[in-house]
Amino acid sequence: MLRHQDDAPAPAPEPAAPLIELRGIDKTFGTVKALSGLSARVGRGEFVTVVGPSGCGKSTLFNIVAGLEEPDPGGALRFEGRSCHAADLLGRVSFMPQRDLLLPWRNVIDNAILALEIEGRPRKEARAEAMRMLPEFGLAGFEAQYPHQLSGGMRQRVALMRTFLFERDLMLLDEPFGALDALTRALMQRWLLDVWQRHRRTILFITHDVDEAIFLGDRVLVMTARPGALKLEQRIDLPRPRRPDLVTAPEFIRLKRTLLEAIEEESLKSFQVAQENAR
Amino acid sequence: MSAAPALSASPPAAGSGRLARRIGGRVAGLLVVALAWEGLVLLLGIRPFYLPRLSAVLAAILATPGAYAAGFLRTFAETLVGFVTGGAFGVAVAVAFLRLRSLREMVFPLFVVSQTIPVIAFGALVVLWFGNTLIAKAVIAFYLTFFPVTVNALIGLESVDPRQIALMRSFGASPRQILLRLQLPSALPQTFVALRLAASLSLVGAIVGEWFGDTTGLGVLLLQAMYTENVVAIWAALLVSALLGTGFYAAVAFLERRLVFWGAEQ
Chain C
5 MLRHQDDAPA
15 PAPEPAAPLI
25 ELRGIDKTFG
35 TVKALSGLSA
45 RVGRGEFVTV
55 VGPSGCGKST
65 LFNIVAGLEE
75 PDPGGALRFE
85 GRSCHAADLL
95 GRVSFMPQRD
105 LLLPWRNVID
115 NAILALEIEG
125 RPRKEARAEA
135 MRMLPEFGLA
145 GFEAQYPHQL
155 SGGMRQRVAL
165 MRTFLFERDL
175 MLLDEPFGAL
185 DALTRALMQR
195 WLLDVWQRHR
205 RTILFITHDV
215 DEAIFLGDRV
225 LVMTARPGAL
235 KLEQRIDLPR
245 PRRPDLVTAP
255 EFIRLKRTLL
265 EAIEEESLKS
275 FQVAQENAR
Chain H
6 MSAAPALSAS
16 PPAAGSGRLA
26 RRIGGRVAGL
36 LVVALAWEGL
46 VLLLGIRPFY
56 LPRLSAVLAA
66 ILATPGAYAA
76 GFLRTFAETL
86 VGFVTGGAFG
96 VAVAVAFLRL
106 RSLREMVFPL
116 FVVSQTIPVI
126 AFGALVVLWF
136 GNTLIAKAVI
146 AFYLTFFPVT
156 VNALIGLESV
166 DPRQIALMRS
176 FGASPRQILL
186 RLQLPSALPQ
196 TFVALRLAAS
206 LSLVGAIVGE
216 WFGDTTGLGV
226 LLLQAMYTEN
236 VVAIWAALLV
246 SALLGTGFYA
256 AVAFLERRLV
266 FWGAEQ
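Protein sequence lines correspond, in order, to chains C and H. Numbers 5 to 283, taken from my numbering, label the letters of the first sequence in order. Numbers 6 to 271, taken from my numbering, label the letters of the second sequence in order.
It is worth saying that the hints were derived from the structure and are not from the lab. Each residue gets a CB set at the ideal place from its N, CA and C atoms; glycine is no exception.
If the Cβ cut is set under 10 Å, some of the chain H residues that face chain C in the computed set are: (1) M173; (2) S179; (3) L264.
Have a look at the derived ranges for each label pair, beta carbon to beta carbon: (4) G34(C) / R106(H): 17 to 23 Å; (5) C88(C) / A255(H): 55 to 61 Å; (6) R27(C) / R104(H): 36 to 42 Å.
Pulled from the structure, derived: some chain H residues nowhere near chain C, Cβ distances all over 12 Å: (7) L47; (8) L48; (9) R52; (10) L115; (11) L244; (12) L249; (13) F253.
If we strip away everything but chain C, and leave its shape as in the complex, we get (with noise of 0.2 Å):
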């Protein structure tokens, strides 16, 4: 498996220590190896998206690093400069998952400050804290509405809050916007871009949107198909804040040029692997 390396001759401005690594990471669910020897870092404070053909293993990354579940042995794993277990990670990461997965029976106030429950929080000053937030994240006035109550771009908002009320130093999304439609989406990229560099976290970001790869990321790391490493490191140095006309500047044309190659011939193979597999 090729491994390319950016091919900016200049050293990655990389942070000293990583906050999260990961090394020689293999996962085998049965007889279908998801992941093999993938190897990745996030430094404190970066916005890492990652891009992939359907059926790479993202997902499979994101529970491993979420604490759901556990590598083949072998890798390494190692957090905040310390070997670690995935199962260590539980209660450490904030994770949103693909769907927003709000409760229906709490209103928005309460679904925002659920992990803060579960966390021992006390439950009257973890509310004030949501309510606190609620204007930065467009839903000032909906605290006591039900999720059914609300549109799609607002539900996900309401589980962005939920995420980012869990403060932890590392915060992964698995395609938060994927279910909304495009006009959506380009608000609430730049939103969020907007919280995070008031916030300052660290941001891993799946999806499978080239654009939305570039625009958000310092980084873009394009998998392999399956079984999923890492095909392609692209450091994306485009200034902040980003505007959203940045998508029609050359300069991104040609990242997006790069990876979308990258992500094709990835693409490709995985197809030509079905198609062999149906025959």
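Assemble chain H onto chain C, guided by the hints.
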């Protein structure tokens, strides 16, 4: 920062008017049935032995209201105790089955067998054990209640979205927190399906229990009327039982609407 889209979520108000209209409709329906009963018996000349007039039945109740009120309260108490303990036990067993697969494999078949025993056969035994007490009737009501609750609560507990559980775990939630904050509330809609069924079943249990011997209760009134071939009294006991059964069912349905307000979403 994007502005919040002004979404005017419909407030859940304006329900009181609709409720009044619904109740009005039901009262009107009852009145129509009452008038038809009275009218048809008169019109077709049905003999009181087969079907007495409604007015005669109501008059019988009003002649000795104390006996019917006491019977109503007694049977209600038996039903309620059986229903509440049966419901609580049913949910507790469902949680135990969810947690302990081996316990479930061992005990569940026994439960099924227990439910195939006709309640009548079981009733004699219960009265022997507990005597002519309220507890004896409540035990029979309990026996009819807990099983459907166990089955449905277990279905509800097991149908929780695994991604939902994964999310809770990623927050560092303990199994107990996952049970209380996620699994039990998720299982409520399915559990209430059984509780509505159990509302009727527990009344059956209480009345059947009274047939094994007691001095007060709607079952006792029914039995006495049957022995004396007092048709009006049979109908009177029946009417009061219907009132209790409907009222109890309505109370459970009301509780369901209050607790499971989010509907069948997800």
